Amino acid sequence: MPDSRARDEQFRDLALPHLDAVTRYALALTRDEAETDDLVQETFLRAFRSWDQFAPGTECRAWLFTICRNAHLRTVQRDERMDVMPDADVEALAAAAIHAAARGDGIEDVFAQEQVIAAVRQAVDDLPEPFREVVQLVDLQEQSYDEAASVLGVPKGTVRSRLFRGRRLLQETLIGHARDAGIVGRPRGRGADGESTS
Amino acid sequence: MKHVEMLDCDAVMRQLWDYLDGELTAEREEAVRAHLTMCNRCFPQKNFEESFLRVLAQSRREHSRAAALKDRILLALRADGFAA
Numbered sequence: 029m030p031d032s033r034a035r036d037e038q039f040r041d042l043a044l045p046h047l048d049a050v051t052r053y054a055l056a057l058t059r060d061e062a063e064t065d066d067l068v069q070e071t072f073l074r075a076f077r078s079w080d081q082f083a084p085g086t087e088c089r090a091w092l093f094t095i096c097r098n099a100h101l102r103t104v105q106r107d108e109r110m111d112v113m114p115d116a117d118v119e120a121l122a123a124a125a126i127h128a129a130a131r132g133d134g135i136e137d138v139f140a141q142e143q144v145i146a147a148v149r150q151a152v153d154d155l156p157e158p159f160r161e162v163v164q165l166v167d168l169q170e171q172s173y174d175e176a177a178s179v180l181g182v183p184k185g186t187v188r189s190r191l192f193r194g195r196r197l198l199q200e201t202l203i204g205h206a207r208d209a210g211i212v213g214r215p216r217g218r219g220a221d222g223e224s225t226s
Numbered sequence: 047m048k049h050v051e052m053l054d055c056d057a058v059m060r061q062l063w064d065y066l067d068g069e070l071t072a073e074r075e076e077a078v079r080a081h082l083t084m085c086n087r088c089f090p091q092k093n094f095e096e097s098f099l100r101v102l103a104q105s106r107r108e109h110s111r112a113a114a115l116k117d118r119i120l121l122a123l124r125a126d127g128f129a130a
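So the sequences go chain by chain: A and B.
So the first sequence is numbered by my numbering: it starts at 29 and just counts up by one.
So the second sequence is numbered by my numbering: it starts at 47 and just counts up by one.
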């Protein structure tokens, strides 16, 4: 057991460098800057008080994310969480169909458009739970499927299926946004397989 | 000579995001990569998904309030006995 000073130094060196990442994650959870500050403070206080439970050599950021999420859940007491289990393979193939349609419409470079980039954050914020929190963890916080599963307390397969559904929803939203904004052309009566229907 | 598993387009499309996320085993990753290098149908989709994931990663918002929040956290930790 390290002495108090060594323990504090270990906390400073291993936990505090993740402050920015935890802040981004907390903001994604609360969507409110004031609540974010409170949640981040609570997270680091809980982490400090529980530091003896942290296993050196494991991923500290994922451990902090878990504390952050648990603290958030305790605060808001979500009692009706949407808990669907989409099929990951179906979602992956649906995304392939989106690409085929985009290619057929000549808008394959839609995600390189500046206006689309600007719309991404709002589209992520608007994703329904539980897809948003998985996209936040994997795509914005660069967590692996295993790390996200650990933070969320769900199987890895659930992370995968929710992530793929979230990504597909995002692609549909962003392509729709690009069309509505006139950034890219409207489809010419195409089916999902890219074949013209008109 | 090392054997590389042959995959069809359907199998590659199902695993494309796993591949781009670095979540496949080394053998499966190599099989997907081998398919992508020779498939005119799957390679453009790989580029499409890559640009989508790049846009997502770019959307991370950096916090200008980070320094102020760090000060607040340190203050709270020190009140809790943190001394480093």
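Simulated from the structure, these hints should not be mistaken for lab results.
Keep in mind that the hints are not guaranteed to be accurate.
Here are the simulated distance ranges between beta carbons [stated by the list, open to error]:
| hint | chain 1 | residue 1 | chain 2 | residue 2 | range |
| --- | --- | --- | --- | --- | --- |
| 1 | A | D208 | B | H49 | 10 to 20 Å |
| 2 | B | A130 | A | A140 | 41 to 51 Å |
| 3 | A | D208 | B | R124 | 19 to 29 Å |
| 4 | B | T83 | A | D208 | 17 to 27 Å |
| 5 | B | D67 | A | D31 | 39 to 49 Å |
| 6 | A | E200 | B | H49 | 32 to 42 Å |
Cut-off 16 Å, straight-line C-alpha distance, at most; resulting in silico cross-link-like pairs (EDC-like, lysine to aspartate or glutamate) [said to hold, decoys possible]:
| hint | chain 1 | residue 1 | chain 2 | residue 2 |
| --- | --- | --- | --- | --- |
| 7 | B | K92 | A | D137 |
| 8 | B | K92 | B | D64 |
| 9 | B | K116 | A | D65 |
This one's a predicted model, so the numbers in the text were calculated from it and none came from an experiment.
Cβ atoms here follow ideal geometry from the backbone N, Cα and C, with glycine treated the same way.
Hint by hint, here is what the structure shows:
Checked against the hint of 10 to 20 Å, the C-beta distance between A:D208 and B:H49 comes to roughly 49 Å, which is inconsistent with it. A beta carbon spacing of about 45 Å between B:A130 and A:A140 agrees with the range 41 to 51 Å that was offered as a hint. At roughly 51 Å, the beta carbons of A:D208 and B:R124 sit outside the given window of 19 to 29 Å. Look at B:T83 against A:D208: about 37 Å separates their beta carbons, and that is not inside 17 to 27 Å.
For the pair B:D67 and A:D31, the beta carbons lie near 41 Å from each other, so the given range of 39 to 49 Å is met. For A:E200 paired with B:H49, a C-beta distance near 39 Å keeps the hint of 32 to 42 Å intact. About 12 Å separates the Cα atoms of B:K92 and A:D137, which keeps this hinted pair within 16 Å; it holds. Our distance criterion of 16 Å between C-alpha atoms is met by B:K92 and B:D64, whose separation comes to about 11 Å.
For a cut-off of 16 Å, the pair hint linking B:K116 to A:D65 stands: about 10 Å separates their Cα positions.
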